[in-house]
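Just so we're aligned: 392 in my numbering is position 392 of the sequence shown, and the numbers increase by one with no gaps anywhere.
A hint or two may mislead.
[Said to hold, decoys possible] When the alpha-carbon atoms are kept at most 30 Å apart in a straight line, the in silico DSSO-like pairs for lysine-lysine are as follows:
{"hint": "1", "residue 1": "Lys228", "residue 2": "Lys124"}
{"hint": "2", "residue 1": "Lys1", "residue 2": "Lys30"}
{"hint": "3", "residue 1": "Lys240", "residue 2": "Lys265"}
{"hint": "4", "residue 1": "Lys124", "residue 2": "Lys110"}
{"hint": "5", "residue 1": "Lys386", "residue 2": "Lys397"}
{"hint": "6", "residue 1": "Lys124", "residue 2": "Lys69"}
{"hint": "7", "residue 1": "Lys265", "residue 2": "Lys279"}
[As the list claims (entries may be wrong)] The calculated label-pair distances, taken between Cβ atoms and stated as ranges, are:
{"hint": "8", "residue 1": "Gly29", "residue 2": "Lys335", "range": "48 to 54 Å"}
{"hint": "9", "residue 1": "Thr44", "residue 2": "Val205", "range": "19 to 25 Å"}
{"hint": "10", "residue 1": "Arg60", "residue 2": "Gly188", "range": "36 to 42 Å"}
{"hint": "11", "residue 1": "Met125", "residue 2": "Glu322", "range": "18 to 24 Å"}
Hints were generated in silico from the structure; no laboratory data involved.
We treat Cβ as the ideally placed atom computed from N, Cα and C, and that holds for glycine.
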Amino acid sequence: KVSKISNLSKDLARSLSVISVRVVEVIPGKSVIGLELPNKDRETVGLQEVLGSKAYANSRSALSLALGKDIGGNPVVVDLAKMPHLLVAGTTGAGKSVSLNAMLLSLLYKATPQQLRMIMIDPKMLELSVYEGIPHLLTPVVTDMRDAASALRWCVVEMERRYRLMAALGVRNIAGYNAKVHEAAEKGAPLFDPLPSVDGEEQKVLQELPQIVVLADEFADMMVVVGKKVETLIARLAQKARAAGVHLILATQRPSVDVITGLIKANIPTRIAFQVSSKIDSRTILDQSGAEQLLGHGDMLYLAPGTGVPVRVHGAYVSDDEVHRVVADWRQKGKPQYVDEILQDLSGDSEGTPGLDKFVSGEPESDAEQDPLYDEAVAMVAKARKVSVSSIQRRFKIGYNRAARIVETMEQAGVVSKMEHNGSREVLVPATE
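Sequences are here, hints too, so could you generate the full structure?
In structure tokens, the structure reads:
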């Protein structure tokens with residue numbers, strides 16, 4: 001049995017005089033098991049090698065991520081748009097931050113600010129602060145975790161707005177939307193915003209929408225400071241944001257079940273595990289052991305969506321000097337155009353950002369969007385498949401006015417339908433477990 005051999009991995013390592021042996025229980029297309037042994041001399045994989053490869057050059061996606069090389073020495077380039085979200089975990093010193101830098105540089109080499117905008121959340125205030133001022137950023141690098149919750153809430157509202165736009169144009173995803181807008185602009189008959197605007201405001205001409213990537217370097221800190229609210233926001237984005245062009249990259253060095261919860265794992269199937277200290281941590285990330293046998297310094301297991309077999313990858317190394325040079329080059333090419341509403345209340349009106357129409361809401365919605373119970377109420381409605389002001393009053397022990405505002409906001413956000421003649425409403429969002 002394979003399980004017996006897996007339990008003998010330490011004995012095999014001792015007999016072979018190596019640091020560790022990883023037992024590959026399933027090799028697709030073969031009826032044998034595999035033993036992965038570390039080489040005596042460690043090779044350094046430079047990011048330049050992967051970026052100069054045919055695999056990266058032939059990748060047409062603007063969200064191509066250069067991970068490194070596999071055990072056969074072949075470059076590993078993956079598409080974030082197909083994942084559509086990524087969970088990265090590993091202990092301190094395992095190479096997680098270097099790999100995040102490699103991923104970011106591979107995005108910056110491939111995508112212009114018109115194709116890609118980013119929100120970076122960096123509780124440590126060190127890792128991502130170097131990217132401050134590049135034109136791809138939607139907001140300055142976020143270091144306060146309460147601001148991080150506001151940024152995620154803005155992403156949810158932007159996602160809902162994009163869904164309403166796509167529904168109005170009759171397209172199924174962001175690529176179809178951009179193709180339709182581009183085609184109309186080339187014909188000289190631009191499309192106008194079909195959504196109701198604020199009184200007195202002219203209808204805007206629709207622009208192509210960029211992809212949005214939200215990168216959180218240590219989201220365990222967010223879970224501690226803000227708690228359940230962040231988990232709910234991440235789950236809402238992970239469930240629905242793919243077609244709207246919003247993608248998450250979440251990294252943590254604490255792979256415990258209170259950080260990587262079942263709700264987050266269920267909605268983010270793509271995982272990368274660096275070296276961890278125990279089998280339990282490995283199972284938390286990958287749902288299988290193996291990450292505890294990794295060698296550190298960029299050695300990772302990449303679990304692609306739709307497969308249960310992780311691929312071992314030697315992560316690409318990128319130096320601080322290379323990061324600074326790329327960032328300096330982008331700063332010379334243009335200045336960032338920040339969306340102020342991301343870290344503020346979602347209300348008011350100001351100039352839109354080129355390539356990313358900001359969400360403008362009325363007063364009732366802005367009040368309720370700030371309500372700490374709003375996301376919990378949405379989760380309750382999605383699970384129960386019915387909504388009423390009285391049920392929200394009873395469930396959260398709040399007054400009628402506050403509950404009514406929450407329901408009105410759900411209607412404006414497209415969570416529930418308008419009230420029918422018999423006073424009932426239909427729940428429009430997908431059901432949750």
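Review point. Which of the listed hints are broken here?
Key: Hints 9, 10 contradicted; others consistent.
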